[in-house]
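So the sequences go chain by chain: R and F. Read in my numbering, the first sequence has 27 at position 30, and its numbers run on one by one without any break. Read in my numbering, the second sequence has 164 at position 106, and its numbers run on one by one without any break.
It is worth saying that the hints were derived from the structure and are not from the lab. Be aware that a few hints might be false.
[As the list claims (entries may be wrong)] Have a look at the derived ranges for each label pair, beta carbon to beta carbon:
{"id": "1", "chain 1": "F", "residue 1": "Glu114", "chain 2": "R", "residue 2": "His7", "range": "40 to 46 Å"}
{"id": "2", "chain 1": "R", "residue 1": "Gly95", "chain 2": "F", "residue 2": "Val143", "range": "40 to 46 Å"}
{"id": "3", "chain 1": "F", "residue 1": "Asp76", "chain 2": "R", "residue 2": "Lys54", "range": "39 to 45 Å"}
[Claimed, not checked] DSSO-like, lysine-lysine: derived pairs with alpha carbons at most 30 Å apart:
{"id": "4", "chain 1": "R", "residue 1": "Lys68", "chain 2": "R", "residue 2": "Lys8"}
{"id": "5", "chain 1": "F", "residue 1": "Lys161", "chain 2": "R", "residue 2": "Lys68"}
{"id": "6", "chain 1": "F", "residue 1": "Lys96", "chain 2": "F", "residue 2": "Lys161"}
{"id": "7", "chain 1": "F", "residue 1": "Lys161", "chain 2": "R", "residue 2": "Lys8"}
{"id": "8", "chain 1": "F", "residue 1": "Lys169", "chain 2": "R", "residue 2": "Lys8"}
{"id": "9", "chain 1": "F", "residue 1": "Lys169", "chain 2": "F", "residue 2": "Lys74"}
{"id": "10", "chain 1": "F", "residue 1": "Lys96", "chain 2": "F", "residue 2": "Lys128"}
{"id": "11", "chain 1": "F", "residue 1": "Lys161", "chain 2": "F", "residue 2": "Lys128"}
{"id": "12", "chain 1": "R", "residue 1": "Lys8", "chain 2": "R", "residue 2": "Lys54"}
{"id": "13", "chain 1": "F", "residue 1": "Lys96", "chain 2": "R", "residue 2": "Lys54"}
{"id": "14", "chain 1": "R", "residue 1": "Lys54", "chain 2": "F", "residue 2": "Lys161"}
{"id": "15", "chain 1": "F", "residue 1": "Lys61", "chain 2": "R", "residue 2": "Lys54"}
{"id": "16", "chain 1": "F", "residue 1": "Lys96", "chain 2": "F", "residue 2": "Lys61"}
{"id": "17", "chain 1": "F", "residue 1": "Lys61", "chain 2": "F", "residue 2": "Lys161"}
{"id": "18", "chain 1": "F", "residue 1": "Lys169", "chain 2": "F", "residue 2": "Lys128"}
{"id": "19", "chain 1": "F", "residue 1": "Lys96", "chain 2": "F", "residue 2": "Lys169"}
{"id": "20", "chain 1": "F", "residue 1": "Lys74", "chain 2": "F", "residue 2": "Lys96"}
{"id": "21", "chain 1": "F", "residue 1": "Lys61", "chain 2": "F", "residue 2": "Lys128"}
{"id": "22", "chain 1": "R", "residue 1": "Lys8", "chain 2": "F", "residue 2": "Lys96"}
In this text the structure is predicted, and so the values were computed from the model without any measurement. All C-beta atoms in this analysis are idealised placements derived from N, C-alpha and C, irrespective of residue type, glycine included.
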Amino acid sequence: DTGVSQDPRHKITKRGQNVTFRCDPISEHNRLYWYRQTLGQGPEFLTYFQNEAQLEKSRLLSDRFSAERPKGSFSTLEIQRTEQGDSAMYLCASSFGGDRQYFGPGTRLLVL
Amino acid sequence: AQKVTQAQTEISVVEKEDVTLDCVYETRDTTYYLFWYKQPPSGELVFLIRRNSFDEQNEISGRYSWNFQKSTSSFNFTITASQVVDSAVYFCALSLYSGGYQKVTFGTGTKLQVIP
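All chains should be built: construct the whole structure from the sequences, respecting the hints.
Take a look at the structure:
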């Protein structure tokens, strides 16, 4: 049983560039979540998918952020025109129904 | 709104000492889950335990034990005979069923350093 995987694990980019992260959930999990974790803080909820439908978005998710989950399998999180404040760990999690969420290893983003 | 407070930002103990990590939560819901996660320097969140709000029985797993008290809204975590490998950031979290999914709120974490 493979866990949640995320790619890339690390990303360094210059301010103003676009970046895209990928999350592959556990195969039978129909729910997928994105979180952001800044230094010294706990993870904060960004958005949630049930199958391919994005059902909730946090107010933390500005217009520069977009997430997709085509066909209800993997998901992508894109940040356009990155800012230094976007530097954080981006965590993906998946679950089957209302069961507990399983977290991936995260993508560390550094915006220079 | 729900909230999780971990008042201890950093704790240092000498190896083999016992250490307790505090967690206090706030919610108006009567049905919820509480979690503890470990986050080593690699960054991955390692699941340690989940308890539901109807089960106040304390739990022990090896050197780990958890004390859940609804009367004080606390869910404390004790590591007995700490080891260097226990050094990590530990997060307490609260999960509510909201809008069709489990909405998880994390505390700010407690960084534990075990000194050899």
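Structure-based check of all given hints:
no. : hint                            : result
1   : F:Glu114 to R:His7: 40 to 46 Å  : 42 Å, holds
2   : R:Gly95 to F:Val143: 40 to 46 Å : 32 Å, violated
3   : F:Asp76 to R:Lys54: 39 to 45 Å  : 43 Å, holds
4   : R:Lys68 to R:Lys8               : 26 Å, holds
5   : F:Lys161 to R:Lys68             : 23 Å, holds
6   : F:Lys96 to F:Lys161             : 19 Å, holds
7   : F:Lys161 to R:Lys8              : 28 Å, holds
8   : F:Lys169 to R:Lys8              : 25 Å, holds
9   : F:Lys169 to F:Lys74             : 17 Å, holds
10  : F:Lys96 to F:Lys128             : 23 Å, holds
11  : F:Lys161 to F:Lys128            : 20 Å, holds
12  : R:Lys8 to R:Lys54               : 24 Å, holds
13  : F:Lys96 to R:Lys54              : 26 Å, holds
14  : R:Lys54 to F:Lys161             : 12 Å, holds
15  : F:Lys61 to R:Lys54              : 19 Å, holds
16  : F:Lys96 to F:Lys61              : 19 Å, holds
17  : F:Lys61 to F:Lys161             : 12 Å, holds
18  : F:Lys169 to F:Lys128            : 25 Å, holds
19  : F:Lys96 to F:Lys169             : 10 Å, holds
20  : F:Lys74 to F:Lys96              : 19 Å, holds
21  : F:Lys61 to F:Lys128             : 15 Å, holds
22  : R:Lys8 to F:Lys96               : 23 Å, holds
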